[in-house]
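Student: Given next are the chains, with one letter for each unit.
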Amino acid sequence: MKLNVNGVEHALESGALTPLLHVLREELGVTSPKAGCQSGGCGACTVLVDGEPRRSCLTPLGAVDGAEVTTIEGIGDAHDLHPVQEAFHTLHAAQCGFCTPGMIVATVALLKRLPQPGRREIERALSGHICRCTGYVKIVEAVEAAAGGSR
Amino acid sequence: MRAVGARVEKVDGIGHVTGQTTFVDDWRIPGMLWAKVLRSPHDHAAITKLDVAPALAVPGVRAVITHEDVPKNVLGHLEGLGVPADEPLLAESDVRWKGQPIAVVAADSEEAALAGVAAIGVSFEERPALLDVRLAFEADAPKAHHWGNWFPHFGGPDTPPDHRKIRKGDIDAAFEQADAIVQGVYRPNAIEQMPVEPQVCACVPESNGRLTIHSCTQGVYFTMGIVAGHLGVPLNRLKFIAGTVGGGFGGKVESWTEPVVALLALKTGKPVKLRFTREEEFLCTSTRAPWHIEIADAVTSDGWILGRKMLTLHDAGAYARFSPYGVTKHSFHIAGSYAIPNIHFDGYVVFTNRTPTSAMRGFGVTSVSWTIETQMSRIASVLGLDPYEVRLRNASRIGDTTPNWVTLHDPSSVPVIQAAAEAAGVELTADYRTMTRDPRSGDLLPEWLEGQLGDLDAKES
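Same order as they appear, the protein sequences are chains H and Z.
Residue numbers for the first sequence follow this note's numbering, beginning at 1 and rising by one.
Residue numbers for the second sequence follow this note's numbering, beginning at 1001 and rising by one.
A hint or two may mislead.
Lysine-lysine pairs mimicking DSBU-like chemistry, simulated, CA-CA at most 35 Å apart [to be verified]: (1) 1239/Z / 1267/Z; (2) 112/H / 2/H; (3) 2/H / 1270/Z; (4) 1165/Z / 1143/Z; (5) 1165/Z / 1098/Z; (6) 1309/Z / 1168/Z; (7) 138/H / 1329/Z; (8) 1267/Z / 1098/Z; (9) 138/H / 112/H; (10) 1072/Z / 1049/Z; (11) 112/H / 1010/Z; (12) 1010/Z / 138/H.
Coverage of chain H stretches by chain Z, computed from C-beta distances (three or more under 8 Å per stretch; other residues unrestricted) [what the hints assert, rightly or not]: (13) 33-47; (14) 67-74; (15) 91-97; (16) 128-136.
Hints listed in this document are in silico derivations from the structure and should not be mistaken for laboratory results.
In this text the structure is predicted, and so the values were computed from the model without any measurement.
Beta carbons are placed, not taken as given, at the ideal position from N, Cα and C, and that holds for glycine.
Make a model of the complete structure from these sequences and hints.
Tutor: This is how it looks when you write it as structure tokens:
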């Protein structure tokens, strides 16, 4: 089976039923998607599959054979932050940082689909992402700021 | 003080927003084994058989540890605060809560480790379980702990050893003078801290005999001490890589994964990782304790609290952990933000066959704060008074003393309650709007309360 991860083609050894999260973390060493609950409940493992946010812990490799997978490593890095990363950083939307990669990739997908989301759309898009540190206020503010900045 | 009010760049923020922060689970360690835990399926049982040989025959399994592999299996985490050791790292002859760890398997893969756990030969003889603190004092209650059903080691020269006790003022006089008695029973329940990062630990045995331990503990030196204690090694054998914590909220004070992976790393000579599932997090790690709190307040018809009788049963679960410390803190806060001159309090740490409870965000205090604020509103409701005014009338002033006789020099109860009223859009009457935290005087101080509500000269000191 094959995956294009952050622009790089990979031929994979993992079996078809292996969760995409494990393929990324254990076979490819891409560790930004986190094993928070491994049961689809927390959103920390979220990656983009052909541009759509997906819970990688519940996605078997066989279901995404040949797909393009984007993790936060494919969004931007320390030398070239994406506006969403910049907003999360400067507005303190990341506290412990564990849920942050999932939050950010979901936000990037939201802003691509809906460049000027209202508060309800932001809350709906991030409703499957659990953060236990911030209380969500700063996260929503960061998404609004990133949307404003991309105007 | 340059940071106060300023927006300071978060030191680890760039790593967080780029996904490059290395949490414990993110370390890539070649040749690493996975560990999985055999846990009690019963609330309370004797272990009648434990045979790990079948697990060792499972392909991929490298080692199994039981209590026999732990140099010091029963180690107190708060012995420094006078709480004796009671809890084994791995169960010995009995299990006292559903989820209590019995054995841990290390294998080449998670799947092999799980197969190893399933292969362990274990049998139990179930015992009656105590699951409700209210039944703990009954003569025929199941026995949850070898010390009895409540913690007996508070000690101290002036208090009985088996509970926290406060006697302040003249409680009988307060109840005789009362216009009404307002009672309440409050039962704030257990809460799982639920950090999004589960408990995870990896240990690498180094060629120089040291152990490198990647830990998500909230207290690095505390956990180092616990590992050294269980292993019987000096601290200089341990190198901790810690400080990157994916949320903790008290739950990651628990230091169980660290000694376990260290023992498996020593036994196999290989790196070992143990990562809890979310199910283990919920069912098998410490929660905030459930509490049972009974209050009877002697009040006047105009809203003074003359005296409080209070009984607290703190559900510690199966072992003491931090619960005695939690009840001690609790006992200091039983009057909340208010000055109550006469107090009669008994607080017990009760053992049950539930998951042991421990730290979570102000544990011991949060339960009583919620209880007392609910009780204050109940008093106002029973007397037909304004809940803000009942609070302000009784609010701590400069010079008042807490239940444990600490004199308050800088209490903020009055301005905080006034600010809360303002934020809620509640119009206070002039007396209460202009009230200050200065010692009581005039109409707001009944004569008979003089001398009971703290030292009126404290303002000048």
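Student: Now tell me if each hint is right for this structure.
Tutor: These are the hints, each one checked on the structure:
Annotation: proposed proximity of residue 1239/Z to residue 1267/Z holds, straight-line Cα distance about 18 Å (limit 35 Å). A distance of roughly 26 Å separates the Cα atoms of residue 112/H and residue 2/H; the hinted pair therefore holds under the 35 Å criterion. As the CA atoms of residue 2/H and residue 1270/Z are separated by approximately 32 Å, the hinted pair is consistent with the 35 Å bound. A threshold of 35 Å between alpha carbons decides the hint, and for residue 1165/Z with residue 1143/Z the separation of about 24 Å falls inside it, so the pair holds.
Simply put, residue 1165/Z and residue 1098/Z have alpha-carbon atoms about 32 Å apart, close enough for the 35 Å limit, and the pair holds. With a C-alpha separation of about 11 Å, the suggested pairing of residue 1309/Z with residue 1168/Z holds against the 35 Å cut-off. Distance restraint check for residue 138/H and residue 1329/Z: the Cα-Cα separation of roughly 32 Å lies within the 35 Å cut-off, and the hinted pair is therefore satisfied. In summary, the hint linking residue 1267/Z to residue 1098/Z is supported, as the alpha carbons are separated by about 27 Å, within the 35 Å threshold.
Among the hinted pairs, residue 138/H with residue 112/H is consistent with the structure: their alpha-carbon atoms are about 21 Å apart, no more than 35 Å. As the CA atoms of residue 1072/Z and residue 1049/Z are separated by approximately 22 Å, the hinted pair is consistent with the 35 Å bound. With a CA separation close to 27 Å, the supplied pair residue 112/H and residue 1010/Z stays within the 35 Å bound. As the CA atoms of residue 1010/Z and residue 138/H are separated by approximately 14 Å, the hinted pair is consistent with the 35 Å bound.
Counting residues of the region 33-47 of chain H whose C-beta sits closer than 8 Å to any C-beta of chain Z gives 9, which meets the bar of three, so the coverage hint holds. Only when three residues or more bring their CB closer than 8 Å to a CB of chain Z does the claim for the region 67-74 of chain H stand; here the count is 3, and the claim holds. Using a Cβ-Cβ cut-off of 8 Å, 4 residues of the region 91-97 of chain H lie near chain Z, which meets the minimum of three, so the contact claim holds. Figure legend: the region 128-136 of chain H, annotated as covered by chain Z; annotation consistent (4 residues with Cβ-Cβ distances under 8 Å, at least 3 required).
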